[in-house]
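Based on the provided sequences and hints, a complete structural model is requested.
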Amino acid sequence: MSTVTFREALIRAMGDALEEDERVFLFGEDVAAAGGSFKLTEGLLERFGPKRVRDTPISEQAIIGTAIGAAVMGLRPLAEIMFADFAAVCFDGIANEIPKYRYMTGGQVSMPLTIRMCNGAGGGFGAQHSQSVENWFLNVPGLKLVVPATPADAYGLLRSAIRDPDPVLFFEHKSLFNTKGELPDAPAPIPLGLAETVRHGEHVTVVATQMMRHHAMRAADELAVAGIEAEVIDPRTLVPLDYATIAASVDRTGRLVVVQECPNSGSWGATLVARLVGERLEHLDAPPALVGAPDTPIPYSGALEELWIPSVERIVEQVKRTVSY
Amino acid sequence: MSTVTFREALIRAMGDALEEDERVFLFGEDVAAAGGSFKLTEGLLERFGPKRVRDTPISEQAIIGTAIGAAVMGLRPLAEIMFADFAAVCFDGIANEIPKYRYMTGGQVSMPLTIRMCNGAGGGFGAQHSQSVENWFLNVPGLKLVVPATPADAYGLLRSAIRDPDPVLFFEHKSLFNTKGELPDAPAPIPLGLAETVRHGEHVTVVATQMMRHHAMRAADELAVAGIEAEVIDPRTLVPLDYATIAASVDRTGRLVVVQECPNSGSWGATLVARLVGERLEHLDAPPALVGAPDTPIPYSGALEELWIPSVERIVEQVKRTVSY
Amino acid sequence: MPKENLTVANPPAATPEEQFDWLHTMLQIRYFEDECHRMFAQGLVRGSTHLCQGQEGVVVGACRAVGIDDKVLCTYRGHGAVIAKGAPLDRAFAEILGKANGLCAGKGGSMHLTDMAVGAVGSFAIVGGHLPIALGVAFEAQYNERQEVTLCFFGDGSTNIGAFHEALNMASVWKLPVIFICENNLYGEYSPLATTTPIERLAQRADSYGMPGVTIDGNDVEGVWRTVSDYAARARAGAGPVLVEALTYRQKGHSRSDPAKYRPTGELEAWLERDPIRLLETKLEHLGLERGHLDDLRATAEQEVMDALERARGWPDPNPERLEEDVYA
Amino acid sequence: MPKENLTVANPPAATPEEQFDWLHTMLQIRYFEDECHRMFAQGLVRGSTHLCQGQEGVVVGACRAVGIDDKVLCTYRGHGAVIAKGAPLDRAFAEILGKANGLCAGKGGSMHLTDMAVGAVGSFAIVGGHLPIALGVAFEAQYNERQEVTLCFFGDGSTNIGAFHEALNMASVWKLPVIFICENNLYGEYSPLATTTPIERLAQRADSYGMPGVTIDGNDVEGVWRTVSDYAARARAGAGPVLVEALTYRQKGHSRSDPAKYRPTGELEAWLERDPIRLLETKLEHLGLERGHLDDLRATAEQEVMDALERARGWPDPNPERLEEDVYA
Ligand SMILES: Cc1ncc(C[n+]2csc(CCOP(=O)(O)OP(=O)(O)O)c2C)c(N)n1
Ligand SMILES: Cc1ncc(C[n+]2csc(CCOP(=O)(O)OP(=O)(O)O)c2C)c(N)n1
Ligand SMILES: [Mg+2]
Ligand SMILES: [Mg+2]
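Chains as they are written, first to last, in our numbering: chain A, 1 to 325; chain B, 1 to 325; chain C, 1 to 329; chain D, 1 to 329.
Everything labelled a hint here was simulated from the structure, so no lab data went into it.
One or more hints might be untrue.
[As the list claims (entries may be wrong)] Pulled from the structure, derived: some chain D residues nowhere near chain C, Cβ distances all over 12 Å:
1) P12
2) D21
3) R38
4) Q42
5) A117
6) V118
7) E145
8) Q147
9) V214
10) I216
11) G253
12) P264
13) L279
14) L287
15) D296
16) R311
[To be verified] Calculated lysine-lysine pairs in the BS3-like style (CA-CA distance at most 25 Å, straight line):
17) K51/A / K175/C
18) K51/B / K39/B
19) K39/A / K252/D
20) K39/A / K180/A
21) K261/C / K39/B
22) K175/D / K51/B
23) K252/C / K39/B
24) K261/C / K51/B
25) K261/D / K39/A
26) K39/A / K51/A
27) K261/D / K51/A
28) K39/B / K180/B
Beta carbons are placed, not taken as given, at the ideal position from N, Cα and C, and that holds for glycine.
Right, here's the structure in full:
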């Protein structure tokens with residue numbers, strides 16, 4: 001067991017995957033010679049050489065296309081789209097080709113590719129470099145969506161993503177890169193579709209991912225002082241979603257608060273709430289609540305961006321409202 | 001008053017808009033000389049000439065970019081992206097530029113553009129030409145989303161979309177082009193954000209758009225025979241959404257069924273349900289239900305596509321379940 | 001890269017037998033699409049259907065220049081390429097009819113014919129969408145050090161979309177064994193090339209990517225075969241991609257019931273004179289083949305197509321359970 | 001389009017006074033960015049910041065070749081272009097500091113400086129994203145029959161993205177008055193051009209779009225000014241777009257604290273010799289300007305920048321109500 005940063009965990013996962021499986025290759029803009037624009041691939045070119053760790057032109061459509069073609073032929077492409085917002089320039093490949101190829105060919109191919117991208121706000125990167133892009137893909141069946149919050153999850157889920165026979169979009173939150181956590185010396189992959197109950201509690205179920213999981217945990221600490229015990233669940237993957245764990249928790253607590261770093265419209269939180277109330281209305285003692293961002297682009301100014309991102313205070317307030325309903 | 005097809009209503013709306021405002025110009029692939037690949041712009045080149053009705057190369061990014069730049073400078077671009085699914089190849093312009101430009105410049109510009117596109121399944125066009133693409137944009141604040149179901153709505157809403165100072169994505173369902181309806185001789189624009197209660201009823205509120213509105217109406221007729229009176233509401237625009245009308249109806253009926261031609265995850269229906277239960281759980285006498293498509297791409301074969309699209313029977317069954325809850 | 005460096009060992013000329021075989025396939029494609037057209041008019045085929053009639057020379061010439069292990073990607077106008085690569089006629093029909101035995105189990109349709117067993121990696125319906133995918137297909141062979149090439153067909157109109165640009169550029173940087181084959185049939189849907197493209201010779205765009213570009217007669221099947229054979233040898237040797245512009249003509253409308261009224265008078269007629277099947281037949285006659293032999297071949301091909309169709313029509317629709325299958329592995 | 005047709009009336013040579021004025025702006029930009037760099041290091045600037053130091057000759061030469069009614073679009077590396085077009089230094093600083101009085105009310109940031117009042121239509125952070133937008137800006141002028149041109153700046157690395165291709169092609173088809181100016185600073189982020197692009201002269205890509213393409217010395221501000229003046233006159237006359245490749249060098253790292261270790265030894269030093277400010281100063285000295293005069297100008301420019309920064313730092317943060325404003329009109 002050692003303490004590593006989120007960044008180090010990612011590098012280690014990629015290194016181990018490249019080590020384990022010759023079919024894995026890593027490519028993207030400045031991932032090789034430069035070691036990544038966020039230094040997330042540092043040292044991998046040196047370890048695995050230019051055949052397996054490759055730079056590309058600024059051509060996201062070509063990157064995604066290459067991943068698709070290589071995956072269909074049996075390789076395990078590990079592509080990087082630097083900022084997740086740039087998924088917009090290769091959206092066609094991600095939404096129209098990747099998740100439909102297997103289906104449209106009647107199962108003739110599989111699509112074992114992984115696309116890593118940096119999402120999330122809080123760093124002052126402005127409206128086009130801060131989005132929670134995972135929400136763009138919720139209505140597109142066929143993709144798996146991974147949203148790790150800790151170094152251990154980053155490691156374990158990335159290993160599983162790369163091994164997975166299906167396409168995985170793997171989101172790395174920019175504000176987490178320098179956060180630290182424990183990692184076993186021989187860490188195991190973490191299965192996709194398994195939530196983690198990060199904190200046990202009986203009064204309310206709080207569901208949150210990535211940065212918001214950490215905000216939720218801080219909120220839970222504050223709430224505990226006020227006598228409210230929140231159960232905090234991190235789904236870790238949005239597709240597949242560990243609905244059973246969340247539902248079981250809500251059945252016990254009777255109350256649900258979802259915290260998400262995005263507007264509520266078309267969000268994973270809204271999807272979860274709609275499903276839960278559709279299936280287990282009778283278990284709810286209070287209206288399920290979404291703590292999300294306002295319906296605006298993400299402002300640059302620190303003064304405004306701070307207001308945009310759901311804060312610990314807002315979570316605390318909402319949980320109190322929900323619990324006292 | 002005369003009877004017109006959905007297609008004729010669209011052509012008339014575009015013609016009237018071009019007539020009314022010199023700043024409006026219409027452009028896209030094969031919209032001019034050929035009159036549109038679905039003949040939705042027939043005769044407009046002849047009437048307004050090649051300055052205002054223009055063909056483009058197969059370059060959706062260039063089309064959207066042209067719309068953005070011209071809108072920022074004060075024109076009223078009316079662009080066509082043939083199949084809505086192709087919004088994927090110009091997603092960056094639509095999701096990262098259009099809805100953020102005004103915000104990112106602190107209100108220095110406005111974005112009075114309209115993008116028309118054909119969405120929807122049922123014609124055997126396969127997985128890449130049949131999607132309900134409006135759902136891709138729900139989590140992107142700053143866009144208005146219009147989804148007309150009748151010739152009169154197509155006319156009135158398109159007129160409003162073109163006049164609107166904000167960007168509007170206007171979805172035209174392929175299965176509706178040849179449907180007919182009444183249109184006044186001097187039809188007025190229909191404000192965006194105003195739902196239509198298509199049928200009054202006291203037992204359950206059914207919300208549906210485009211093709212599904214018509215399915216819902218047929219279901220309502222069948223249900224009436226069984227003594228169930230459904231109130232059918234067509235929101236007509238998803239953003240802005242006439243939440244008040246829907247909420248008032250649900251307050252009365254206590255029951256909600258949303259019918260949508262798409263998977264439920266990340267859908268407008270899930271968004272609506274999450275908001276409604278968050279704000280008015282106490283008014284609900286039954287779990288709100290989503291009748292949507294399965295989590296798969298859209299199959300080509302008629303035998304399968306028919307199963308994919310929510311059917312009148314499925315709506316009837318769900319309403320019965322909801323009412324008898 | 002200077003053009004002079006591109007010459008590679010010419011393949012031997014094709015034998016009359018080989019060319020007879022090409023003709024056979026071209027006729028199968030022609031009759032196959034006659035039936036598609038008919039079925040569409042009768043409402044038996046859903047959605048849309050895009051015929052490649054008049055362009056059979058390009059796909060047959062190119063696909064016969066490579067082997068079964070080489071790969072092909074094509075567009076929604078892909079019946080010809082997929083059949084030329086070896087997909088069975090009956091299962092191709094079945095796919096278009098949405099049958100369970102279709103190449104794609106009825107889930108893809110006319111625009112997405114795919115038969116991995118013969119290296120027909122996919123037919124793609126988003127203009128330009130498959131060009132980047134061809135890179136990955138070729139990359140896998142390069143990565144695993146197999147000397148295979150990937151043929152990637154697309155239309156003239158597709159050369160104006162962003163994916164074209166990104167794909168050719170990166171293919172060149174990575175020296176991938178892709179033969180990009182632009183079937184210049186003069187139109188993108190209803191728009192003549194000149195209204196959407198400010199240059200005439202699309203092969204010229206290769207210069208932007210430091211790769212060779214050539215323009216050839218797409219209706220001369222042997223010429224296509226020779227060019228693609230040459231460039232395939234070059235690509236197998238590691239010299240990277242090329243852009244081949246094959247001049248041809250779409251004898252039918254863009255899709256469905258497009259009557260193609262936008263054509264200048266006489267254009268279709270002039271191109272019918274240069275119909276690739278007709279040209280090849282004439283050539284084979286010159287080579288000494290008897291007319292009767294050619295007539296027999298036509299009859300054979302037509303019969304094969306009709307038999308395949310009959311089989312296909314007899315197959316069942318997909319089972320309802322198939323609806324939710326094949327999303328994940 | 002044959003190259004010979006492109007010659008247009010040469011503008012008169014720039015006067016020493018004009019060039020002195022250019023130098024003034026170049027120095028303002030240089031000092032402005034020195035401060036940005038400092039503030040970023042001190043944690044006063046959020047996100048990222050991309051300096052154009054070394055490239056001031058391109059933006060000043062180009063922006064001075066057009067008028068206030070002409071429009072400019074540029075990238076996240078756009079401080080220089082926006083200031084050259086006339087945006088006030090204090091409000092530019094304020095934007096980077098996220099202040100209420102910022103050019104964009106603090107909502108855009110360093111990568112999105114925009115000042116519609118001076119025709120700085122936008123700074124864009126998605127590589128290539130603004131090239132298609134430049135078409136629409138130019139189209140509006142064409143549509144309303146005003147003889148304005150649009151300058152569109154972008155980097156060498158951006159010429160590999162799809163939007164570049166679509167934009168240049170359609171601009172050519174529609175004969176739009178856009179001057180596409182590629183600031184070839186040899187790198188896209190940390191990647192040298194040669195590793196991502198299989199040709200050396202990016203101006204050559206103009207051939208694919210039937211438009212003129214020229215490569216010029218981007219550090220010779222007068223040369224840039226003359227070329228852009230020429231092509232602007234041509235575009236105003238309705239002859240359509242051009243591609244100008246301006247060779248220059250990014251003296252700082254790509255962004256933030258990139259130490260630019262990937263540079264070959266001596267490269268930076270060689271380019272510092274050809275620093276555009278230095279070149280222009282030397283030239284003005286040759287033209288008879290006294291060194292003292294130049295020193296005074298430096299002092300003035302620096303003082304202007306420091307004063308602007310002081311004003312900007314004194315301004316308040318945006319009010320919380322601004323958060324939800326400016327989404328819809
Ligand atoms: C991105 C995208 N835009 C538009 C279309 C609609 N469309 C289908 S085929 C076609 C014309 C393509 O022309 P070309 O590349 O010349 O191929 P051809 O049909 O002539 O074989 C168009 C515009 C599409 N399928 N995808
Ligand atoms: C679509 C997209 N891909 C990647 C990036 C990340 N990125 C920002 S700047 C840059 C390099 C651009 O290089 P170049 O065009 O030469 O401009 P320069 O920075 O040298 O001025 C990259 C890759 C981006 N902003 N947008
Ligand atoms: Mg064509
Ligand atoms: Mg550069």
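Hints versus structure:
{"no.": "1", "hint": "P12", "result": "32 Å, holds"}
{"no.": "2", "hint": "D21", "result": "38 Å, holds"}
{"no.": "3", "hint": "R38", "result": "38 Å, holds"}
{"no.": "4", "hint": "Q42", "result": "39 Å, holds"}
{"no.": "5", "hint": "A117", "result": "33 Å, holds"}
{"no.": "6", "hint": "V118", "result": "31 Å, holds"}
{"no.": "7", "hint": "E145", "result": "22 Å, holds"}
{"no.": "8", "hint": "Q147", "result": "22 Å, holds"}
{"no.": "9", "hint": "V214", "result": "16 Å, holds"}
{"no.": "10", "hint": "I216", "result": "19 Å, holds"}
{"no.": "11", "hint": "G253", "result": "24 Å, holds"}
{"no.": "12", "hint": "P264", "result": "20 Å, holds"}
{"no.": "13", "hint": "L279", "result": "31 Å, holds"}
{"no.": "14", "hint": "L287", "result": "40 Å, holds"}
{"no.": "15", "hint": "D296", "result": "48 Å, holds"}
{"no.": "16", "hint": "R311", "result": "43 Å, holds"}
{"no.": "17", "hint": "K51/A / K175/C", "result": "13 Å, holds"}
{"no.": "18", "hint": "K51/B / K39/B", "result": "20 Å, holds"}
{"no.": "19", "hint": "K39/A / K252/D", "result": "19 Å, holds"}
{"no.": "20", "hint": "K39/A / K180/A", "result": "16 Å, holds"}
{"no.": "21", "hint": "K261/C / K39/B", "result": "14 Å, holds"}
{"no.": "22", "hint": "K175/D / K51/B", "result": "13 Å, holds"}
{"no.": "23", "hint": "K252/C / K39/B", "result": "19 Å, holds"}
{"no.": "24", "hint": "K261/C / K51/B", "result": "23 Å, holds"}
{"no.": "25", "hint": "K261/D / K39/A", "result": "14 Å, holds"}
{"no.": "26", "hint": "K39/A / K51/A", "result": "20 Å, holds"}
{"no.": "27", "hint": "K261/D / K51/A", "result": "23 Å, holds"}
{"no.": "28", "hint": "K39/B / K180/B", "result": "16 Å, holds"}
Figure legend: structure checked against the earlier numbered hints; every hint is met.
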